[in-house]
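Chains as they are written, first to last, in the working numbering: chain A, 4 to 326; chain B, 4 to 326.
Honestly, the hints are just simulated from the structure, not real lab data. Treat the hints with care, since some could be wrong.
Which copy is meant is left open, so a pair is good if it fits within one copy or across any two.
Straight line, CA to CA, 20 angstroms or less: simulated EDC-like cross-link-like pairs of lysine to aspartate or glutamate [to be verified]:
no.: 1; residue 1: Lys320; residue 2: Glu271
no.: 2; residue 1: Lys62; residue 2: Glu130
no.: 3; residue 1: Lys195; residue 2: Asp79
no.: 4; residue 1: Lys201; residue 2: Asp157
no.: 5; residue 1: Lys62; residue 2: Glu36
no.: 6; residue 1: Lys68; residue 2: Glu316
no.: 7; residue 1: Lys92; residue 2: Asp113
no.: 8; residue 1: Lys195; residue 2: Asp86
Remember, predicted model here, so these are calculated numbers, not experimental data.
Number of protein chains: 2
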Amino acid sequence: MSAPWITYRPNLKILDCTIRDGGLINEHGFDDEFVRAVYDACVAAGIDYMEVGYKASKKLFARDKFGAWKFCDEDDLRRIVGDNPTPLKLAAMADAAKSDWRTDILPKRDSVLDMIRVAFYANQVPEAVDMIRDAADKGYEVSANLMAASTVTDTEMDQVLEVIAQTPASTLVVVDSYGSMYAEQVERLVKKYLEFGKATGKEVGIHAHNNQQLAFANTIEAIIHGAERADASMAGLGRGAGNCPMELLIGFLRNPKFRIRPVYQVVEERLLPLSRTVEWGPYAQYVITGQLNQHPRVAIAARSGEARDRYAEFYDKLTGEEV
Amino acid sequence: MSAPWITYRPNLKILDCTIRDGGLINEHGFDDEFVRAVYDACVAAGIDYMEVGYKASKKLFARDKFGAWKFCDEDDLRRIVGDNPTPLKLAAMADAAKSDWRTDILPKRDSVLDMIRVAFYANQVPEAVDMIRDAADKGYEVSANLMAASTVTDTEMDQVLEVIAQTPASTLVVVDSYGSMYAEQVERLVKKYLEFGKATGKEVGIHAHNNQQLAFANTIEAIIHGAERADASMAGLGRGAGNCPMELLIGFLRNPKFRIRPVYQVVEERLLPLSRTVEWGPYAQYVITGQLNQHPRVAIAARSGEARDRYAEFYDKLTGEEV
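Excised from the complex, chain A in its bound form:
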């Protein structure tokens, strides 16, 4: 499972979540050219999976208020990838309580998707189990992504993992939704997920957020301790502080199947222009919510308003310190 510095782990697989997580900052409104450029870059870079968006409920989310990648309808997918005649596998995420998964996730034989990633909070385990079974029965590879793991107590975590370990999900992902974890916590969770998943042969993945500029470091840490799946995004695009930057991750990995130049190219041609109209990255408000182990929503709100440059005031608001 581990490997010395100079060699590499042949089974380590990378998932690009640029469009899925990045869609959270622009209502999933990427145009086709952008999505195709990321897809082409993933193929050229030897990336294993590309997560193209959500399977979100059209009853909860109006079709005309969000871009296509909130829903990942088959027609939209195929407009970009055709039948996807490449080694790159395609994934979509379904959130517990926010997806009409029974109907909206088609049988695998009718879809160009390869994997469904089921995202859920600790209190949503019963629905998550049903979602995982449903997707597996339909023929998909399935990943179980317990969100906000940094807020789950040890006892509750054990109970969640015991239940999820019995499902047909083949991957359990350590998700640092708030970007609050330090290396020690990542190590402990990766080892715990591996332990619970061992009996049913599950792999462990890592999905890190960059609030404290630790997304890449924590991803390395997870890999060192046995994670075989790692999420990253082009230029770190993602909600709030963003994710582990793909250009950093591929620079670290030694597997010659990965190529970094296509990543720099898409970063230059697509992400850099995008950064002039929307923002992501470890701005002070995201640092603060990360340090406080909180959801970034208050930071996102602060950065979109007039007080965006008033860091100390934001800190006071969240900590209740008097000035």
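Starting from the structure of chain A, add chain B where the hints point.
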């Protein structure tokens, strides 16, 4: 030396290098108000040392081409800090081959400085030894900062450390000048420096650059493995990709003597406005030189020219890959 997660290491000392390392991006041209604001923030935040600049040779560097913090004349220092009636200690850096240290570093009794940090490359050890002895003889606390440690072979490193260990320097700093190190390398070097410094009671420090967004992570790693001194700068200000951001480091440390709010305040009031006129941070070119373990000077040049947004071309240039 180590401490459990929830407590803290009382001996761990932080050095703010905002003005010294940051001066490398504006020819040390900070105005007095800026320097005073950083000084006040350091005092209010409980930071242990502030590095105010260089003791650079006026024969090599024209006095009218650089700001005061390239030279740290006593009058300039005292204009900001008076007699420095605070617990904050003041440091200046002297580079081997670039400093008239014999004459320009005054006896400690005539200076408001407390520490001299001697910076040198592996091939400059003989002069570094003389500089360290001179500064110690003059009454200063002295730190030995071997630069570009990531390019020094193991054999050469042992020889350097054996010699430096015999000097009166009380601190040996692991310096990742190129921002190329991963956690394993930091661990190995910290342990090695500690081993060589043990007999003469030297402490070990860490000075990290942020090319791969690992400056904070590597600083934590160094602390975990026994470093008792850590460098950081407000908003990570520093040459090229910058340094470990102070707001991240203080957020991690548990010692109640440190206060984070003054850091956010100076970041908001001084660093944010500065970022509109000069740039620093982990831009793609710095990532690339970091990944290639190279000096950032080519990246700095690329970012100041017309090709600043052409990442793939820069990558090709440095790796010789044909497009």
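Here is how each hint holds up against the structure:
1. Lys320 - Glu271: Answer is between; shortest inter-copy Cα gap is 15 angstroms, intra-copy 37 angstroms.
2. Lys62 - Glu130: within (18 angstroms within a copy, 73 angstroms between copies)
3. Lys195 - Asp79: neither (38 angstroms within a copy, 56 angstroms between copies)
4. Lys201 - Asp157: The answer is within: 19 angstroms in one copy meets 20 angstroms, while 39 angstroms across copies does not.
5. Lys62 - Glu36: neither (28 angstroms within a copy, 57 angstroms between copies)
6. Lys68 - Glu316: neither (33 angstroms within a copy, 38 angstroms between copies)
7. Lys92 - Asp113: Close inside one copy (15 angstroms), not across copies (69 angstroms); limit 20 angstroms.
8. Lys195 - Asp86: So lysine 195 and aspartate 86 fail the 20 angstroms test inside a copy (38 angstroms) and across (55 angstroms) alike.
Checked against the numbered hints above, the structure breaks hints 3, 5, 6, 8 and satisfies the rest.
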